[in-house]
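Engineer: The chain contents come next:
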Amino acid sequence: MSSFALERDLATQGRVITALAKRALRVQLRRAQFLLPSFLLPLLLLAVVASGTSAAQQLPGFPNTGSYVGFVVSGTIMQGTLLAGLMAGIAIAGDIEGGFFDRLLSAPIHRVSIVLGRVLGTALIGMVQAILFVSVALLMGADFKGGVIGVVLTVLLAALSASAAAGLGATIALRTGSLSLMQNLFPFVFVLLFTAPAFFPRALLNPVLETISVVNPLSYVVEGMRAALFDSAALGSVWGGFAAGIGSVVFTCALAVWAMRSRLRS
Amino acid sequence: MISNQDSAASADATIIVEGLERVYSSGLRAVDGVDLAVAAGEIYGFLGPNGAGKSTTVRILTTLLRPTGGHASVAGFDVVKQASQVRRSIGVALQEAALDPLMTGRELLELQGALHGLRRAESKLRADELLERVDLVAAADRLLNTYSGGMRRRLDLAMALVHRPMVLFLDEPTTGLDPVSRSSLWTELRKLNDEGTTIFLTTQYLEEAEQLADRVGIIDHGKIVAEGTPQELGRLVGEPGLYVKLIEQSESGRARDLLAVHGAVSDREAGGLTIRTSLGARAIAPIVRTLDEAQIEVDAVEVEEPTLDDVFIAVTGHRADEDVTEDAS
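Which chain is which? The protein sequence lines are Z and F, in order.
Under my numbering, the residues of the first sequence are numbered 345 to 610, in order.
Under my numbering, the residues of the second sequence are numbered 22 to 350, in order.
Don't read these hints as lab results, they were simulated from the structure.
From the three backbone atoms N, C-alpha and C, an ideal C-beta is built for every residue, glycine too.
Careful: at least some of the hints might be erroneous.
As the list claims (entries may be wrong) - Now the stretches of chain F that chain Z is said to cover, found in silico as 3 or more residues with beta-carbon under 8 Å:
1) 119–130
2) 136–142
3) 243–255
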């Protein structure tokens, strides 16, 4: 392929990915059954956790972050982005069952663009979630020493977390094509969440969860958000968060592309 | 059966299918050695009951499914080796208008434009043109979940036309539509065909195939069992019939004996008779004269051309609206 043809192809696929991302975003924001888990449920949990378990910050080993809500908001963002990823999987399974997916497959576009369009749309939702949840936390009394830069880094980490979750959701949807199975995966989001230091520091997790948290890439992303928001290396590593986030996105998107190829071969 | 070998060899065919097979992992042979050729500018009706292999064939021709045997090309491109070029050349409207209910008609058309490589401004312009063409301007900015079945089908057709395809594949485009919506869609398809678009249409409706198709292929259990123009297929049933209705029902026995010289006579309900004759409509005058000379009064005489329904029963042994036992489509 000549460099001109390659450039033209990339521009076309860029437009395709943008159009599919816009569709993902638009439909997700129009459907209450998608909005409630991705936005309302994390906020409810934030309110419950912040008021019901705030005494946890008195425990020895709990880092000083001012308010407990400031500490747990990273966990809330993580929860929201994981649920957005699950919703992305549900949307893909819905497209497969409803026949819309065939419309995408019958268009002259790269199969990877179909996955990337959905992932990009979910990343944008993750960014909106992060801005909303951080704003709510500020209203609830949180004080983020990291300032605007810390929030911007957190929003970017949320985008990575949502993208990785969307890649995983897409993989399962493409492998199974089953809407009902996707809907039943809801509890697994909480397994992923509680095996990462979403609501408590790693040192206060029980030994089994603490061991699992070491291999759970979400641990590094959530700690990275916390480190960015509080501008504190003691809470985690921002760059470690980005490394884990980018690695997870690449891995889950590769899995989704593989699942797509397997689906088309069958 | 009318042979399709001549047409299959046609050099200017837009769709060429040779020995096409699709066997599923369950062992089900959904498509079993299909050969067909569709010329440029033709409307080809692919007729068969549910599960006969129609949709599987369309899915292969539209690159959504790989064949397990044989070859197929569309617009000069191999459906397996040159799938991307095939997708650029075709428009597809699959069964049950798969449209996102939470998008508007305009949004869907613009998305389809982007999927086919149109720039944003081009997509918007094309969406406006197509909304007008399918008479959906007033509903363009409403969510799809407020559209009727007929409106969804029209939008589905418009989406298939966004990139001005050479070949249009329509899988049961009017299933579930009321007669008015069906007729409006047929008018639009004829118009498209007049503009030069080749149309490959699957249907369970014999009337649809008769109304629209230049040629019809009948598929049953994954094999083409007959192919030709509706008129050619009609001849498979045998000689056309003339229906004669008598005023006096009691005269039917005498009339049957007298008319035997014109062809094979069979009884119909309420004193009617059917005479099968190769002369068709030209036999009307001698038949009426024979009955008049015998002073038997005739109420009506009608020519009965064989329908595709008759053809279907003749070549498959069952009706087109009966499902095949194993659903292959």
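Engineer: Three residues or more, CB to CB closer than 8 Å: is that satisfied between the region 136–142 of chain F and chain Z?
Structural biologist: holds (count 5)
Engineer: Do three or more residues from the region 243–255 of chain F put their C-beta atoms closer than 8 Å to C-beta atoms of chain Z?
Structural biologist: The restraint on the region 243–255 of chain F is violated, since only 0 of its residues have a Cβ under 8 Å from chain Z and three are required.
Engineer: Closer than 8 Å Cβ to Cβ for three or more residues is the test here. Does the region 119–130 of chain F pass it with chain Z?
Structural biologist: holds (count 6)
Hint 3 alone, counting from the list given before, is not met by this structure.
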